[in-house]
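Novice: These protein sequence lines map, in sequence, to chains L and R.
1 is the number of the first residue of the first sequence in UniProt numbering; add one for each residue after it.
1 is the number of the first residue of the second sequence in UniProt numbering; add one for each residue after it.
There is no bait here: all hints are sound.
In silico DSBU-like pairs for lysine-lysine, Cα to Cα no more than 35 Å straight-line:
1. L:K284 / R:K178
2. R:K150 / L:K382
3. L:K389 / R:K92
4. R:K130 / L:K389
5. L:K158 / R:K126
6. R:K58 / R:K126
7. R:K126 / L:K382
8. L:K284 / R:K92
9. R:K126 / L:K385
10. R:K148 / L:K385
11. R:K334 / R:K349
12. R:K148 / L:K382
13. R:K178 / L:K382
14. R:K178 / L:K389
15. L:K116 / R:K92
16. L:K385 / R:K92
17. R:K105 / L:K385
18. L:K389 / R:K150
19. R:K126 / L:K389
20. R:K148 / L:K389
21. R:K130 / L:K382
22. L:K382 / R:K244
23. L:K385 / R:K151
24. R:K383 / R:K705
25. L:K116 / R:K178
26. L:K382 / R:K105
27. R:K178 / L:K285
28. L:K389 / R:K151
29. R:K289 / R:K320
30. R:K691 / R:K620
31. R:K178 / L:K385
32. R:K92 / L:K53
33. R:K92 / L:K226
34. L:K385 / R:K150
35. L:K382 / R:K151
36. R:K92 / L:K382
37. R:K613 / R:K474
38. L:K385 / R:K130
Bear in mind the hints are in silico, worked out from the structure with no lab data behind them.
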Amino acid sequence: MQGRLICTIFLLLSLHSGAIQAKANVSIDIAVGLENFDFQPLFEEFSAQTGIKINILAFNNNQLKSELLQYADAMQLPDALIIPSDYMGLSELRFSAIPSSWLADKLTLRVKNTSKVGGVIKGIPLMYGNHLVLYYNRSLVPEPITDLQHYIQQGHFKAPELGWNFYEMYWFITFVNALQEEVILSDLPHLDTRAMRLALSNYQLLLNSGIIDADCAYQCLMNRFKSAQLRYFVNGIWAYQQLKDTLKDNLAIASLPRWGGHQLISFASSHVLAFPANAVESEKKPHLKLLVEFMQSQRVQDRLWDELKALPTNSDSLDKLTKRKDIALIQLIASLNHTYPQPNEPIMAYIWEAILKGLTRYLGGVYSVEDTTEYMQFIVTKSQKNETKAQHR
Amino acid sequence: MKQKHSIVKEIKRKITTLFSIFLLILVAMVSFALLEQQAALIQEDLKRKGNSLINDFKAQINELIYQLAPISEDYILSSLPNNLLYTQHAIKILTQVVDNNAMIKSAFINDGSIFTVEGYPFYTLKWNSKVFSAYTNQVLSEQMRTLKIKKRVVSMADINGSQTKEAKLFLEIPLRQKQSSLMRPYNHTGVLFLELDLQSFFEASENSGIISLKSGDLTLEGSAELRHDQTDYQDIIYSAVEDKIKLDLLLHRQYTPFSNDIIRAILLIISFGLILVALLVWYLRKLSKRLINPMLVLERHCDRLKQGNYVTTTHDFEFKELQTLQVTLNQLAKQIKLQISSLEHEKIKAQSSERAKAFFLANMSHELRTPLNGIYGVFQLMKHHSDAINTNELITQGMTSTKTLLSLLNDLLDFSKIEAGELKVETVAVNLIRIATEVKHEFIHTADNLKVPLIVNCEKLTSPYRLADPLRLKQILRNLVSNAVKFTSSGEIRIVMKDAGKLVSIQVIDTGAGINKATVDSLFKRFQQADPSTTRKYGGTGLGLAIVKQLTELMGGTICVQSEEGVGSEFKLELNLSICATPLLHAHQDIHAVPQLKDKNLLLAEDNPLNQKIFSAMIKPTQAQLVIAKDGEEAIELYKKRKPDIFFIDIQMPKKDGLEVCAEVRLDNKQIPLIAVTANVMSGELDSYQKLGFDACVAKPIDMKKLYEVINTLIQ
Chain L
1 MQGRLICTIF LLLSLHSGAI QAKANVSIDI AVGLENFDFQ PLFEEFSAQT GIKINILAFN
61 NNQLKSELLQ YADAMQLPDA LIIPSDYMGL SELRFSAIPS SWLADKLTLR VKNTSKVGGV
121 IKGIPLMYGN HLVLYYNRSL VPEPITDLQH YIQQGHFKAP ELGWNFYEMY WFITFVNALQ
181 EEVILSDLPH LDTRAMRLAL SNYQLLLNSG IIDADCAYQC LMNRFKSAQL RYFVNGIWAY
241 QQLKDTLKDN LAIASLPRWG GHQLISFASS HVLAFPANAV ESEKKPHLKL LVEFMQSQRV
301 QDRLWDELKA LPTNSDSLDK LTKRKDIALI QLIASLNHTY PQPNEPIMAY IWEAILKGLT
361 RYLGGVYSVE DTTEYMQFIV TKSQKNETKA QHR
Chain R
1 MKQKHSIVKE IKRKITTLFS IFLLILVAMV SFALLEQQAA LIQEDLKRKG NSLINDFKAQ
61 INELIYQLAP ISEDYILSSL PNNLLYTQHA IKILTQVVDN NAMIKSAFIN DGSIFTVEGY
121 PFYTLKWNSK VFSAYTNQVL SEQMRTLKIK KRVVSMADIN GSQTKEAKLF LEIPLRQKQS
181 SLMRPYNHTG VLFLELDLQS FFEASENSGI ISLKSGDLTL EGSAELRHDQ TDYQDIIYSA
241 VEDKIKLDLL LHRQYTPFSN DIIRAILLII SFGLILVALL VWYLRKLSKR LINPMLVLER
301 HCDRLKQGNY VTTTHDFEFK ELQTLQVTLN QLAKQIKLQI SSLEHEKIKA QSSERAKAFF
361 LANMSHELRT PLNGIYGVFQ LMKHHSDAIN TNELITQGMT STKTLLSLLN DLLDFSKIEA
421 GELKVETVAV NLIRIATEVK HEFIHTADNL KVPLIVNCEK LTSPYRLADP LRLKQILRNL
481 VSNAVKFTSS GEIRIVMKDA GKLVSIQVID TGAGINKATV DSLFKRFQQA DPSTTRKYGG
541 TGLGLAIVKQ LTELMGGTIC VQSEEGVGSE FKLELNLSIC ATPLLHAHQD IHAVPQLKDK
601 NLLLAEDNPL NQKIFSAMIK PTQAQLVIAK DGEEAIELYK KRKPDIFFID IQMPKKDGLE
661 VCAEVRLDNK QIPLIAVTAN VMSGELDSYQ KLGFDACVAK PIDMKKLYEV INTLIQ
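Produce the entire structure from the sequences given, and follow the hints as far as they go.
Specialist: Listed below in structure tokens is the structure:
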């Protein structure tokens with residue numbers, strides 16, 4: 001009897017290990033942005049728990065969108081993506097509609113809104129915020145810049161003082177948001193506006209002021225700020241951990257400054273787990289569901305700040321962080337009040353591209369500011385029109 | 001005085017100059033020929049290069065089109081005009097296209113709107129998109145089923161409004177997406193314009209010359225700006241008809257007319273030429289030395305000749321001409337030497353002759369005075385003494401003196417004639433014995449007076465009748481006998497005549513004074529006598545034997561003398577005289593008889609009254625009626641008036657001379673006998689009188705016998 005029990009237990013163990021062994025043959029391909037967060041430890045933990053192997057495809061953030069679109073053409077998209085929530089608007093990627101049951105209960109409404117495109121849930125919010133804040137080095141300056149235009153007008157800069165990822169539109173949009181609340185009105189782009197023209201002019205003033213080095217891109221700026229070559233640095237909250245590790249207590253955080261009385265306002269968004277090429281409908285659906293559950297689990301959400309320095313989407317986890325006496329953390333969470341939620345409409349992807357192209361041409365002297373905004377409006381409208389046609393077809 | 005040139009230097013300078021000019025012309029001609037050849041080769045090469053470049057250009061463009069054709073259906077690029085989300089990837093593709101193709105300088109996409117969709121490098125976005133929009137809309141409107149990649153030349157004025165004539169060449173690749181429609185298999189979304197970078201083509205073609213690619217007035221960027229007048233070669237790359245684009249290749253090769261090869265060739269020719277000039281100069285210098293040295297020798301030789309040192313030289317000259325010149329100079333020297341010698345001889349001879357003449361004149365004066373003294377003495381005695389006995393003797397003595405004088409004058413005339421070569425020997429039948437006899441009779445009285453027998457021996461003369469000149473033969477014999485008589489005071493004088501066929505030998509042998517051996521040789525020379533003392537003793541002009549010798553030689557004979565002083569002399573005359581028959585005897589006496597001219601009218605033109613009297617006296621025996629005119633004019637008047645039967649005319653007369661009178665008379669009458677009576681009795685003068693119309697001539701002093709002979713002859 002005892003022997004039969006032992007045999008039964010051994011058999012069950014064998015079956016269990018066989019099941020794990022069977023899952024271990026399953027893999028999920030996930031594409032992520034390279035610079036932002038290091039999900040590797042979490043995915044390893046998930047694999048360990050579930051036996052599902054996670055293949056990480058890391059892309060440069062700037063290339064991620066076009067790479068995904070190219071893979072979409074080749075019908076070779078990964079199973080899942082961890083992307084900013086606005087990417088969900090890329091219809092070419094054919095994101096799966098996600099059952100609402102997959103969403104965690106502890107999500108705030110603001111966060112839930114970031115998971116939808118056209119009212120349809122297209123992604124699972126994992127981290128929230130993603131907004132820009134003003135870092136400054138206390139060893140160099142005691143106070144942050146409160147009015148950037150005023151600061152520029154005050155001084156002559158022999159060397160750049162402010163780290164600003166100039167050609168990244170996520171930074172530029174803060175100038176637009178300072179003057180215009182919405183860039184999309186009734187699903188239509190709203191770019192050929194006076195606010196946009198003013199934002200372009202102001203942005204050019206910033207460039208010409210000498211306070212920034214436009215040719216020093218993201219990693220360059222990181223290095224300079226870390227090495228105390230820059231007094232101020234506007235970057236996303238995702239950079240906090242790296243900067244903190246280097247600057248320690250000299251690192252201070254403030255909200256974005258104003259520009260001539262107008263507060264520069266960053267977009268805030270979620271990083272969502274989305275499934276392109278209708279992957280949810282594929283045979284990997286259970287595995288993907290396991291991944292969703294794992295990433296939304298309270299345990300993982302609670303660890304996001306400590307391990308990835310990302311704000312969790314789980315309201316309980318966020319509350320726990322708020323209760324901490326960490327000034328920087330409190331400042332980060334407070335800065336969310338000076339953000340606009342990033343639109344997730346498909347057109348937003350076009351808008352990002354359009355304002356990049358418009359800004360580049362404007363600064364390059366190709367177009368006047370009026371022609372630039374007209375150009376932005378034209379190309380977004382044309383792409384939107386063609387996408388609509390494609391969808392109809 | 002203008003300085004004279006040196007022949008050698010002149011030749012040197014002229015030859016060097018001519019050769020240099022020739023060399024210069026040669027170099028110029030060769031250069032010109034090489035230049036022409038070079039130009040032809042360059043032209044041919046340009047044509048070949050031009051064709052090659054066009055083919056290369058087309059091949060490169062076609063290869064590029066072939067490589068890039070698939071990009072027409074590139075999904076990203078063809079989607080970009082309709083979906084700007086492909087921007088980053090499209091930029092990447094454009095970057096790759098530009099960076100990976102050396103011939104593509106930039107790439108940009110136009111969708112027919114006023115905005116350039118995307119471009120790389122950035123500057124393409126600044127270009128005026130309207131012009132490209134027009135091209136794009138053209139492509140979009142065509143919606144071609146087959147892929148057609150066009151070439152497009154767009155001016156910089158259209159691209160960026162610059163005021164240049166430059167243009168860019170683009171490839172126009174339609175961007176299209178395949179769709180499942182039979183009617184419209186492709187959806188054209190835009191056009192990818194590729195700006196071609198022709199720099200590599202130009203660099204690869206650098207060696208071909210300066211290249212310009214032109215489309216009408218536009219020049220493609222990067223190519224040289226060439227005007228048509230600078231163009232060495234031009235041809236069409238693309239034609240507007242076939243390729244819908246006009247593009248020409250213009251080629252200009254900057255080349256120096258004288259390429260290195262030509263310069264090398266010319267330098268070589270010049271070098272050779274200079275070497276030749278140097279050699280020529282060297283040779284001419286050497287030649288001049290070879291010429292000058294012998295010429296100096298000749299010059300020295302000439303100097304010696306100039307100084308009268310007529311020596312000969314025997315230098316061995318290198319050159320034939322100089323050798324000939326030396327020989328000539330030597331001959332000249334010899335000739336001059338000979339002539340000088342001859343002149344010296346002649347001089348001595350002339351001096352001798354002068355002396356002889358002086359002696360002759362002195363002698364002649366004596367000889368003339370002697371008979372004149374006789375004549376003058378006779379006339380004086382006759383004037384003062386009218387004794388009849390003495391009168392006849394004196395007249396005889398006077399006549400002898402007159403004959404002597406006449407003989408003397410005749411000798412002089414004969415000698416003069418012989419000297420002038422005017423003495424002519426006549427050939428008539430003569431009797432040698434008779435001549436010898438007549439001469440004997442001429443001198444017999446003198447010989448008798450000297451008691452010297454004068455003997456004629458003709459026994460050995462077999463043929464006495466010979467053809468000869470009796471007058472001259474008699475003169476020879478007379479002179480020889482005269483000499484013998486003159487120099488023989490005792491013994492005898494013998495005339496011996498012999499013959500042997502034609503050869504006749506006449507010897508005059510005397511036993512006189514004889515002649516010494518020293519003077520025998522000059523015995524026959526004129527004005528020579530055996531001894532001046534002879535002249536003083538015996539008298540004589542010294543012309544006798546000279547006349548004898550010359551007359552003998554004139555008759556083709558020889559005369560020699562053998563003499564021994566104190567013993568006597570023997571003159572031997574040898575003549576070749578043809579034998580002839582015995583001639584008929586003429587009435588010799590009749591000719592010298594007094595002519596019977598009764599009732600005949602004679603007219604004498606003579607200005608000298610004495611001569612008039614003498615002539616009248618001589619004519620008186622003829623019983624003719626003589627009328628005398630004292631000058632030429634009167635003679636003509638009397639002639640016309642009297643119409644004489646015979647007209648005697650003196651030659652030298654006042655108013656009209658005898659010759660003029662003769663001429664006038666002959667105009668009137670050709671028959672009337674005209675007889676010249678003149679002292680001008682030289683042979684040439686007598687001939688001229690006969691040619692003028694005189695029938696005969698009577699010499700003064702008038703020999704009555706001769707006068708009667710002439711009259712008788714004319715009457716007969």
